[in-house]
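Undergrad: The lines below spell out each chain.
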Amino acid sequence: MDFIAGPRTLPEPAPAPMPVKMVIAGGFGVGKTTAVAAVSDVPPLTTEAAITEVAAGVDDISLTPDKTTTTVAMDFGSVMLDPTLKLYLFGTPGQDRFGFMWDDVTEGALGALVVVDSRRLEDCFPAVDYFERRTMPFAVAVNRFAGAVPHPLDAVREALDVESEVPVIEFDARDSESVRDSLIIVLELALARAMAAA
Amino acid sequence: MAPGAELPMETQVVATTEGLHQLGALAFERRAIVEACGTPQSLAELAVRLGLHLNVVRVLAGDLRAGRFLTVHEPRAAISTDVDVLRRVINGLRAIPTAAGRA
Chain A
595 MDFIAGPRTL PEPAPAPMPV KMVIAGGFGV GKTTAVAAVS DVPPLTTEAA ITEVAAGVDD
655 ISLTPDKTTT TVAMDFGSVM LDPTLKLYLF GTPGQDRFGF MWDDVTEGAL GALVVVDSRR
715 LEDCFPAVDY FERRTMPFAV AVNRFAGAVP HPLDAVREAL DVESEVPVIE FDARDSESVR
775 DSLIIVLELA LARAMAAA
Chain B
23 MAPGAELPME TQVVATTEGL HQLGALAFER RAIVEACGTP QSLAELAVRL GLHLNVVRVL
83 AGDLRAGRFL TVHEPRAAIS TDVDVLRRVI NGLRAIPTAA GRA
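Line by line, the protein sequences give chains A and B.
First residue of the first sequence? That's 595 in our numbering, and the numbers climb one at a time after it.
First residue of the second sequence? That's 23 in our numbering, and the numbers climb one at a time after it.
Just chain B, same shape as in the assembly:
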């Protein structure tokens, strides 16, 4: 299996400073991915932004990580049963502005 093929779709990808400086070494989709990743985003968002299939982005992101153009931040293992994370998400959702809150 290609590196990256198993990455969850919410995995965050960020360009490295070196990657942004070496854009000229890349072409086509690889270059577009590194350019877009000047802002951290998920593989799913990247796929939409660049009009690429999610699985293509997964594989290319894996390649680009190996080449140190990108850093890839996979969700933590067992995050779904992490009490601290669950509490943070609950508190975060309670604080988001809703239509009623804005009215």
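Bound conformation, chain A alone:
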């Protein structure tokens, strides 16, 4: 009897896929988690992320001047694109209006989709501002809510004052194809920038 390998009672763990991530941002209740759920292989999970800075003048930090981090719930999902590539979709926490310093979530992301309810356009300003400052590729996606009066995309673009390069599109957060296509639009912008820089 010649044993070359030792006895194996446990299978070798599978190799890890390469993780990539995208961010789905926007104001409270605009459909971020719905959009994650539309394309995720698994129902969205909720974990806690640390917000490391509070936007001064928006949130009342005068009562807790020493507090620089706070913990918020964050939803995320994932799509196994092939056996070696896994895309994570992280929804930014719902309290977008109160602070937007989520480097923990956005660090290394390929790009972001900023979901907008055109009746509450101002809710997405912090997200737009954040990704512009980070020079992260992003698109503005106006969610088609049932019964909502559609605003022309030109008017949304004008109100947000985003650069001409930034796609402003309409989408349906409940529809997997619509969400998928919106993510591809963000990635095509990221690709164009990466190729221009190469």
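Rather than coming from a laboratory, the hints here were simulated on the basis of the structure.
All C-beta atoms in this analysis are idealised placements derived from N, C-alpha and C, irrespective of residue type, glycine included.
Mixed in with the good hints, there may be bad ones.
Stretches of chain A that chain B covers, calculated by requiring three or more beta carbons in the stretch to come under 8 Å of a beta carbon on chain B [claimed, not checked]:
1) 669 to 675
2) 782 to 790
Which residues of chain A face chain B? A few of them, derived with a C-beta cut under 7 Å, are [unchecked claim]:
3) A608
4) P637
5) T641
6) E642
7) T678
8) V756
9) V760
Chain A is fixed; fit chain B onto it per the hints.
TA: Relative to the frame of chain A, chain B by itself:
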């Protein structure tokens, strides 16, 4: 800073074969992490599965890597501007089944 505290939340963690064989050397959260990592997963998924705060999982995963119970696969640096990766993700998304595709 503790090892692992800076790991991105999508970082993949996988148990080593040795780690799975030496579960008895571990207790509580450390043991639960190695057990769960028989299947590769992200720190974020692990935190949800085990009901632990993400930052706790980060630190413990760093410890367990140092002890060779786990291998930790951080996302590649500058991956967000990697043309080949971006193309792969675009092609991968185009191929996923959507509601319209299934209908």
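Undergrad: All hints are to be evaluated individually against the structure, with a verdict given for each.
TA: Hint check:
1. 669 to 675: holds (count 4)
2. 782 to 790: It holds, with 6 qualifying residues against the three required.
3. A608: holds (6 Å)
4. P637: violated (11 Å)
5. T641: holds (5 Å)
6. E642: OK, holds: A:E642 within 7 Å of chain B, min 6 Å.
7. T678: Cβ of A:T678 sits 9 Å from chain B, so the hint is violated.
8. V756: violated (20 Å)
9. V760: violated (17 Å)
In this structure, the earlier hints numbered 4, 7, 8, 9 are contradicted, and the remaining ones agree with it.
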